[in-house]
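S.K.: These protein sequence lines are chains L and D, in that order.
Quick note on my numbering: the first sequence kicks off at 1 and runs consecutively.
Quick note on my numbering: the second sequence kicks off at 1 and runs consecutively.
Among these hints, one or two may not hold up.
[To be verified] Below, computed lysine-lysine pairings styled on BS3-like, alpha-carbon distance capped at 25 Å:
hint	chain 1	residue 1	chain 2	residue 2
1	D	Lys41	D	Lys134
2	D	Lys27	L	Lys117
3	L	Lys166	L	Lys73
4	D	Lys205	L	Lys29
5	D	Lys333	D	Lys205
6	D	Lys134	L	Lys115
7	L	Lys2	L	Lys161
8	L	Lys29	D	Lys333
9	D	Lys27	L	Lys188
10	L	Lys115	D	Lys27
11	L	Lys115	D	Lys41
12	L	Lys207	L	Lys283
13	L	Lys147	L	Lys115
14	L	Lys117	D	Lys333
15	D	Lys28	L	Lys115
16	D	Lys28	L	Lys202
17	L	Lys202	D	Lys259
18	D	Lys152	D	Lys6
19	L	Lys207	D	Lys27
20	L	Lys115	D	Lys205
21	D	Lys28	L	Lys283
22	L	Lys29	D	Lys341
Hint data in this document are derived by calculation from the structure and do not stem from the laboratory.
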Amino acid sequence: MKDVEMKMLERAKALLGSGEVARVIGWKKGEFYFDPVPASFESVEELSDFVYNGFCGANLSKYLIQMSKKEGKTAIFLKPCDSYSFNQLVKEHRIVRENIHVIAIECQGKLDIEKIKAQGVSAVTEVEEDGDTVKVSSLYGETTLNKEDILLVKCATCKSKTHQAKDEEIVLHEMPESKNNRFDEVEKLEAMTETERFAFWKLQLQKCIRCNACRNVCPACSCIKCVFDNPASGIAAKANDSEFEEKLFHIIRAFHVAGRCTDCGECSRVCPQNIPLHLLNRKFIKDIDGLYGEYQAGETAEGKTPLTSYTEGDKEPNDVVDGEAK
Amino acid sequence: MLKIAKERLNELYAKIAESMGLFIPIKKAGEVNYHVWGEGKEVSLETLKTVKSPKNAFFPASENLMKFKTEGKNLEIIDVRWDKSEKPFVIFGVKACDYKAIEVLDKVFLADPVDTYYQSRREAFTIVTLACSKPEESCFCNAFGVDATAPKGDVTTWLDEKYLYWQPNTEKGEALTQIVADMAEQGGEAEVAAQQAATQAIMEKLPFASLDLSRFQPENLNELFDDPAWEEMSEACLGCGTCTFVCPTCQCFDIRDFKTHEGVIRYRCWDSCMYSDFTLMAHGNSRTTQMQRFRQRFMHKLVYYPSQNDGLYSCVGCGRCVNKCPQRLNIVKVIKTLGGKDND
Ligand code: SF4
Ligand code: SF4
Ligand code: SF4
Ligand code: SF4
Ligand code: SF4
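Just chain D, with the same shape it has in the complex (with noise of 0.2 Å):
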C-alpha cells in the first residue's frame, strides 16, 4: 500500500491530468457532480454524494449516436462515436455503492449484444474508487451486501486527515500507480484498517443497516406486482424523473432525431419510466396510470432485474433518491412496506 500526502493532492491531480482527463467531484453552483479537473477548479473528495452519480461518465445523460447528411438522393451516415484511443480518462473518488452500480451497469450494456458507445467508454476509464469513511443516513449500501470501506476498482484509496492511502488492485490501477509514484511512499495499512474499523462501527448503528429483502424473489413476482400497498406507496409521486436521474443504476434511454442545418444527428438521452410518455407506442403508453409506473421503477430494481441476473439487485444503497424526491417517497418506503417481515 502506497499514501500521498493530504497537501500534495492537487499535484497528484495535476500529474494525473498531464496524460489522462481526469473526472472528479467538483463543486459548482453550489453543487457537486463529476467534471473534468482542471487548474482552480473546487473538488469536493469529502462529499459522499455527489448529486448525478459517476454513471453520467459511462452513459452519459444524452449522447450523440450517428449523424445522417442527405443530398440529392444519397444518404450518408456518419459515425460520431467516441474514439478511445484519442484520449485514456480517470475517473476518481467512486464510493462503493456507485462501484458495485457500474457493475448493475455492466450486466445490461456489455451483456450481448453489446453497447459498444458504452463499451469503449467504459473501457477508457481507469476507475479509482474512495472507501467512505463518513456514511449518512441515508446509506443502506450494507443491506446489498457492500462494504463500503472496501470498494474495489482498478485502485481502491482511503482518505483520511494526513494522506490519501492508495491500493492498486488490477493491470489498468498498476499503470495509472506508475504515473504517480514518485510522489508517494510505503505504507498506511494499519490506518487504513484503524479507519475501516471506525466506520464498519458506524454503518451498523445506520437506520437502514438491516433492511429485509427476503420476499423480493422472482417466485414472489405476481404476489408483490398485485400488492394494494402500491396505490398508496405512490399516492404522492409527482411523476418527476428526479429519482430515476439521479439513481446510479438507472439504465433506460430513449432515441430521438434532432434536425440541424447539416442534417439529422440521432442522439439518446437518459428516459425516465415515471414519465408518462415513457415506452410511447402508436396506441398510447402501455402504463396509464402513476401507480404503475411508480410500480414499475422498484418492480425492476427488486424483482425484474435480479430475476434475470442471478439474484443481484439493481439497487445498491446509494440513498439519493432517499435524499431528492421532492415528495420522500423512495426505495426505503417499497422495502419496509413489501420487503420482508423483519422490516418493522
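So here's chain L without its partners, still in its complex pose (with noise of 0.2 Å):
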C-alpha cells in the first residue's frame, strides 16, 4: 500500500503544483494510524499531511457537492465503492461533472478498528499492514490478527473491484473480488418469520440515538433540507421518542434511498451503535433486481433507473404484496 499512497501523493502535487487543479481531496494524518480524516488540500505543502492507508474507508464522493461548485477544478481520490457514489451524483445533477477530475485508486479492504478492539486489543497505539494480516501494537502488548476477521462490513463483502469512473488510475497490485456474497444476510432475515424480523429490527433499532450520522454521510440523502429537520413537516424529531419514531425514521429513509442507494456502505460504517443498516438497503437491492431485473445503482451516470421508470412488463403492487417480491 506504501506505493500505492507514494503515487496518490505525487499525483497530488502534479496536480497542484501545475494549477491544473485548485484542490485535491483525499485523507490527512489523524491521531493515530488508524483514524484519517477526509480533508481538501489547495497547495502542495498542505500535503505534508496527505494519507492513504487501510483505514481510509470514509467515501470522500459526498464532499464533491458542495466542492464541485467552487471556483476551479477539483481532482478527488475514489476506491471503486465511492465510484459508484460519485456516478449517482452525476446522475441526480448533484455534482458538476466538468469541475472534477477523478482519480481511481487501488483498494484492497479497508479496515475497522471496532472490529480490532472487540477482538480484545485496547490501547491500540499502533497498526501495521502486511499482506493478510495487520500486527496490532497497544499499551497491553503487540497481537496479530487476520485482515479478513477485521475488515469494515462492506468491504468483507465489497460488491466490485472494478472502478465504475476514472479520469485516471492508480492502481499497482491486482485487486481481487470478495468471495462473500453480500446478500447472505439478507436471505437469513428473509428466511425468519415475521415475528422473529420484527424482534430483530426492534433490538436493533432501539440502539438508535438518532444522530443522524447515517443520513449525513449518505451520499443518495443529498436533499437540501431533510423532512426530518424541517419543523413545519408535522414528522421532524431529533428524539428517539418512541421506537416508532426511530422505525418510521429508518423506513422513510430506506425507501427515500430505494432505487439509488448503492450499497456504498457508509451507514454502516458511522453508525456509533453498530446498527446494520446495510441490511435494509440490501432488502431494497434485492427485492429490486428480483422485480424488475439485476440493477446496481451508479454503475452508470446517465439511463433510466427501474424505480422512476415505467415499462408495460412491471410487476403490479399486488403481485408484490403476495410475496413475490421475496
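Assembly of the complex is requested from the two constituent chains, each provided in isolation within its own frame, with the hints serving as guidance.
M.R.: Pasting the structure below:
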C-alpha cells in the first residue's frame, strides 16, 4: 500500500503544482495510524500530512456536492465503491462533472478499528499492515490479526473492485474480488418469521440515538433540507421519542434511497451503535433485482432507473404484496 | 473497605434489584449501554465506555414534561413528572470521567432556577463508580484532573480477577452498603493500591496524557473565536449529532409538542449544536455554516462553560467523540491546534 500512497501523493503534488486543479480531496493523518480524516488540500505544502492506508474507509464523493461548485477544478481520489456514489450523484445532477478530475485508486479492503478492539485489543497505539495480516501494538502488548476478520462490513462483502468512473487510475496491484455474497445476511432475515424479523429490528433500532450520522454521511441523502429537519413537516424529530419514531425514520430513509442507494456501506460504517443498516438497503436492492431485473445504482452516470421509469411488464403492486418480491 | 467475590456479582445485582432499580452496563444487540438490570441480562462491567454515557439516567434522550388536555374551553395541564418517591435507583459502574461529567451537568441543571426534572432523578439515584484498570488510547481524563483510579460517587468500587472492592463515601452509599453487607468481607486495601499504581503507570503513557489546555482562558475568547484554523478543522464535519449525543457533558435540549389522540404531550429531547435547526428562530439559525456550529461545540466545552463556572472545563476527556466521530474529528484535534504551545 505504501507504494500506492507514494504514487497518489506524487500525482496530487503534480496536479496542484501545475495549477491543473485548485484542490485535491483525499485523507490527512489523524492522531493515530487508524483514524485518517477526509481533507481537501489546496497547496503542495498542505500535502505534508497526506495519507492513504487501510483505514481510509470514508467515501469522499459526497463532499463534491459543495466542492464541485467552487472556483477551479477539484481532483478526488475514489475507491471502487466510492465511484458508484460518484456516478449516482452525477446522474442526480448534484455535482458538476466537468469540474472534477477523478483519480481511481487501488483498494485492498479497508479495516475497522472497532473490530480490532472487539478482538480484545485496547489502547491501540500502532497498526502495521502486512498483506493478509495486520500487526497491532497496544499499551498492553502486541498481536497479529487476520485482515479478513477485521474488514469493514462493506469491505467484507465488497460488491466490485471495478471503478465505474475515472479520469486516471492508480492501481499497482491486483485487486481480488470478495468471495462473500452481500445478500447472504439478507437471506437469513428473509428466512425468519415475521415475528422474529420484527423482534430483530426492534432490538437493533432501539439502540438508535438519532444522531443522523447515517443520513448525513449518505451520498443518496443529498436533499438540501431533509424532511426530518423541517419543523413544519409534522414528522420532524430529533428525539428518539418512541420506538415508533425510530422505525418511521429508518423506514422512510430506506424507501427514499431505494433504487439510488449504491450499497456504499457508509451508513453502517458510521453508526455509533453499529446498527446493521446495510441490511435494510440490501433487502431493497435484492427486491429491485428480483422485480425489475438486475440493477446496480451508480454503475453508470446516465440512463433510466427501475423505480423512476415504467414499462408494461412491470410488476403490479399486489403481486409484490402477495410476496413475490421475496 | 469491603470486598465481594466476583462469582457473587450476579447475586449482588439481584439483591440490589430487590428494593431498587439498577442501571448497569448491559450488552444488547452487540453494544453496551446502561440498561435496567434483570435476571439473564448480559452485564459488562469490563466495558470501559458505554456508547451512551450515564447522563441518560438523569437527563434522558427524551422526557415528557407535561400533558395538555382540552375539553370545550377548558385546558387541563397534567403533571407527568417522574415521582421520585416511587422507587430509588442505583447506577452501577460509572467511570471517573463520567462521574466528573455529572458534576458538569449539576452546575447547569441544579443552579438557580433548578431544573426539577433533572433534580428529581438525580436525587433518586445512588451512584456507584468503578475505577478504571485498563484505560485505552482515546482516554485523556487526566488532562482534566480526573483520577481514573479513584472516582468519587456514593460508593467507589474497584474490580480485579477475584473481587469487587467496595468503599462507601456518603450516607446514601452507607445505606446501599447495608443492603449488600452480608455478601461482603473486610479487606482489599493492598490489592486496590496495587491496581491503582499499575493503572496510573499506564495513564502516564497514554498518547493524550499531556495535552496543553493553557490557552483556553476567558481572556482569549475573541482571539480563539476568530482563529482561522476553525475552517480547516471543521471542513470534514458532517453536521451529525454523534459527538454531542455520545458526550457525557453535552446538555442542550429542545422542547417540542407531540399531538396524541388524547391531547398534547410536551416533551424535551437532546439537541445538538451541530444541527442546522439548532436554536432556530423566526429569522433562521444564528449559525449559518457548519464551521460556526463546529466552533460552538468546542468553544462551549473549552471556553464558554469554564468562563461561567470558575474555570471548570465541560470536557472530561472520556474520548467518546474521539472513538465515534464518523470522520475522525474530535476535541483532541481542537486542543492540539488551539490549546497551547506544548501540544506538539
Ligand atoms: S443508504 Fe447507506 S449504503 Fe446506501 S448510499 Fe446511503 S450510505 Fe451508502
Ligand atoms: S447513525 Fe445509527 S444511531 Fe445514528 S441515527 Fe443512524 S441508525 Fe441511529
Ligand atoms: S465532529 Fe464528527 S461527530 Fe461531530 S458533527 Fe461533525 S462529523 Fe458528526
Ligand atoms: S467532548 Fe468528547 S472527550 Fe470531551 S467529554 Fe465530550 S465526548 Fe468526551
Ligand atoms: S477517560 Fe479516564 S475515567 Fe474515562 S474511561 Fe478512560 S481512563 Fe477511565
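S.K.: Run the distance test for L:Lys115 versus D:Lys205: straight-line Cα separation, threshold 25 Å.
M.R.: 24 Å, holds
S.K.: Next pair to validate is L:Lys147 with L:Lys115; report whether the Cα-Cα distance is within 25 Å.
M.R.: 10 Å, holds
S.K.: Keeping to a limit of 25 Å between CA atoms, is the pair of D:Lys27 and L:Lys117 held or broken?
M.R.: 16 Å, holds
S.K.: Take the C-alpha atoms of L:Lys115 and D:Lys27, compute the straight-line distance between them, and say whether it is at most 25 Å.
M.R.: Distance of about 16 Å is within 25 Å: holds.
S.K.: Would the pair D:Lys28 and L:Lys115 pass a check requiring their Cα atoms to be no farther apart than 25 Å?
M.R.: 17 Å, holds
S.K.: Has the given pair, L:Lys166 with L:Lys73, been kept, meaning a C-alpha gap of at most 25 Å?
M.R.: It holds: about 15 Å lies between the C-alpha atoms, which stays within 25 Å.
S.K.: Taking only the CA atoms, is the gap from D:Lys152 to D:Lys6 under or equal to 25 Å?
M.R.: At roughly 22 Å apart (the allowed maximum being 25 Å), D:Lys6 and D:Lys152 satisfy the hint.
S.K.: Given the hint that D:Lys205 pairs with L:Lys29, test it: the Cα-Cα distance must not exceed 25 Å.
M.R.: The given pair, whose Cα atoms are some 21 Å apart, holds under the 25 Å limit.
S.K.: Do the alpha carbons of D:Lys134 and L:Lys115 lie within 25 Å of each other, as the hint requires?
M.R.: 18 Å, holds
S.K.: Do the alpha carbons of L:Lys207 and D:Lys27 lie within 25 Å of each other, as the hint requires?
M.R.: 11 Å, holds
S.K.: Holds or violated: are the alpha carbons of L:Lys207 and L:Lys283 at most 25 Å from each other?
M.R.: Measuring from Cα to Cα gives roughly 21 Å; hence the hint holds.
S.K.: D:Lys41 and D:Lys134: Cα distance at most 25 Å?
M.R.: 23 Å, holds
Going down the numbered hints, you'll see the structure goes against none, and every one checks out.
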